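Trainee: Listed below are the residues making up each chain.
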Amino acid sequence: MSALLDTLSWVLLTLGGLSVLVGGIGALRMPDLYTRMHAASVTDSLGAILVLGGIMLQAGWSLATIKLIAILLFLLLTSPTSSNALASAALLAGTRPFAEAGQDEEAPK
Amino acid sequence: MYYAVTIATLVTMALALLRAVLGPSVYDRVLAVNMLGTKTVLLLSVIAFLYGRPDFLDLALAYALINFIGVLAVLEFFRSRALRRSAERGARQ
Amino acid sequence: MIVIFGIFLLTLLVITAIAIVRTDNLFVAVMLMGIASLLIAANFFLLDAADVALTEAAVGAGISTVLFLGALALTSERERAKSSNRLLSFIVVAAAALILIYATFDKPRFGDPEAPVQTHVAPWYLEKTPEYIDIPNVVTAVLGSFRGYDTLGEVFVVFTAGIGVLFLLGGGKATGTVPEEKINEGLRHHLIPRVVGRILIPFILLFGLYVQFHGEYGPGGGFQAGAIIAAAIILFALLEGEKRALSVLPERVLLGLMACGPLLYGAVGLAGILLGGNFLDYSVLSSDPVKGQQLGILLIEAGVGITVTGVLLGIFHAFAARGR
Amino acid sequence: MELLGLYNYWVFAVLLMIGFYAVVAKPNLVKKLIGLSLFQSAVFLLYITMGKVEGGTAPIFPEAGAAVFSNPLPQVLILTAIVVGISTTALGLGIVVRVKEEYGSIEEHEIQEIDER
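Chains as they are written, first to last, in this note's numbering: chain A, 1123 to 1231; chain B, 1335 to 1427; chain C, 1072 to 1395; chain D, 295 to 411.
For reference, chain A alone in the conformation it holds in the complex (with noise of 0.2 Å):
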């Protein structure tokens, strides 16, 4: 039983680990402002979820697991409140998404 726990708080660890780093090299790669949004705000959600449920499966069951759902809970609300808040800041200050301009799929400078 707890090899079973133990094997799939890893596949979680490393899933998580992956997908934190796919969400750094989209917000690094991607070309304009709102595609890098998604990269990063998605893949923190994801992330978030994964890691710390592998930790949770790690830790069993201690004051350390409530702390952790109460850490995936508050970040699972503010990320993408923030997400959200950041590309409607952007949108009214005029930043449009660039394929929807009318321009080519071509990365513009």
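Since the hints were made in silico from the structure, they are not lab data. Only a predicted model underlies this, so the values are computations on that prediction, with no experimental measurement involved. Misleading hints may appear alongside valid ones.
[What the hints assert, rightly or not] The list that follows gives simulated cross-link-like pairs (lysine-lysine, DSS-like), each with its CA atoms no further than 30 Å apart: (1) D:326 - C:1153; (2) D:326 - C:1362; (3) C:1362 - D:394; (4) D:394 - D:326; (5) C:1178 - C:1199; (6) C:1362 - C:1199.
[As the list claims (entries may be wrong)] Covered stretches of chain A (chain B as the covering partner; in silico rule of three or more C-beta atoms under 8 Å from a C-beta of chain B): (7) 1157-1167; (8) 1198-1207.
Beta carbons: idealized from backbone N, C-alpha and C, even for Gly.
Starting from the known structure of chain A, fit chains B, C and D onto it as the hints suggest.
Mentor: Quick look at chains B, C and D alone, frame taken from chain A:
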């Protein structure tokens, strides 16, 4: 295995920092700060377990709660700046 | 391995610092300062300083950004002039850096348990804390009891700085041309941040109280808790506008808090004298000296928390009122 | 490994001097304060680095085990210094705001020009 996650998080932090330094727009930098904040929460939680002192999760909790305020402060800054600019334009006309 | 992590984080920190100095956009510099604070807090944690990392988290992540942005809103966002005497300053600074680096070769090895710093009073604190005060967190014990004078001084410095800001910016003279009700709106029209923020505020307050009263057992204490509680109320002010925040906690109450904290701290010290001990000697506060120490630390931590909350909120409102 | 052990101190020196450069060379008053904050952070880093003991853990007694602890004293000093640092920075920012209101500028040489007039 904790080490692997820590390394992935650290590399991501470096990438996000690169985004913050490169810009180009101010929104990209705010995005990078936000992203680094989440990554710091993950990093601190993983390291707390790596050290075998899970009682230090309080730190990650503090970041999870307080990072939000920075982003809202930026939002309010943009809002008041837009208000001030439109008021100045109105005063000039 | 952890040493390597630390080195990596420190390298990122240096890159951030260079970027901060190089950019001419002050807004960008403030954002990068936020990143620097995150990196340095992670580093403190790696260097075993959980309490310090928590303080940096509470102050650097929210309040410092808020204050700098408040000042930028009142001044300007861009540096207009280029640096003066760049070459000369660079040479001086580089020379000083080289001298400092040269000096580090005489430093004891990193983490050396035999270094002079490690052998002076620290072992005594670590050894005697269970006997005299009997709380797990040695940092709180040293902060509250063994070096209570220091902390009293620091509390007075925080108090004085708060008074100074109120003197400079108080009275909130109107500088802007924006209609007041517009400024007072806050982020009320941003529905999603507002709803989520309102959910979060009670939890932040609760967490602040937890940090305040759990400071004897885990990382925490008055300084951190004060910053966290102030952050929660600043969040409320950002969401609902200045005016509502001031109607919840009027300026008079804030001034009262600012004054009450140091008074409470000093009163605990004086109580020690009246009960026949020394100033800030808590052992006499209760019939059992250990219980007395614990009571004293609890009270002075409360005093610290009250002062820090009051001062940080007072400073925030002083900057915000100026913008009207 | 011997040299890596000094890395923290080198970062301290570099960071200190980067902050100092901003204070000396940048004419903008807010930028000077930002440089001062960096300077502060460098000093914090120095203190905490000195307090680290190899193989130690944070000076909070766990429920069981762990006998080696890092030095609590530098942590106490820096913990209070961080909060003092933010309040004094706020005082500095307050002065800058007043300067802006009186002189209409926060650039050093422009303020000097107005003073000499």
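Trainee: Please go over all the hints and tell whether each is borne out by the structure.
Mentor: Hint-by-hint comparison with the structure:
no. : hint            : verdict
1   : D:326 - C:1153  : 13 Å, holds
2   : D:326 - C:1362  : 47 Å, violated
3   : C:1362 - D:394  : 53 Å, violated
4   : D:394 - D:326   : 15 Å, holds
5   : C:1178 - C:1199 : 28 Å, holds
6   : C:1362 - C:1199 : 15 Å, holds
7   : 1157-1167       : holds (count 4)
8   : 1198-1207       : holds (count 6)
Checked against the numbered hints given earlier, this structure breaks hints 2 and 3; the rest are met.
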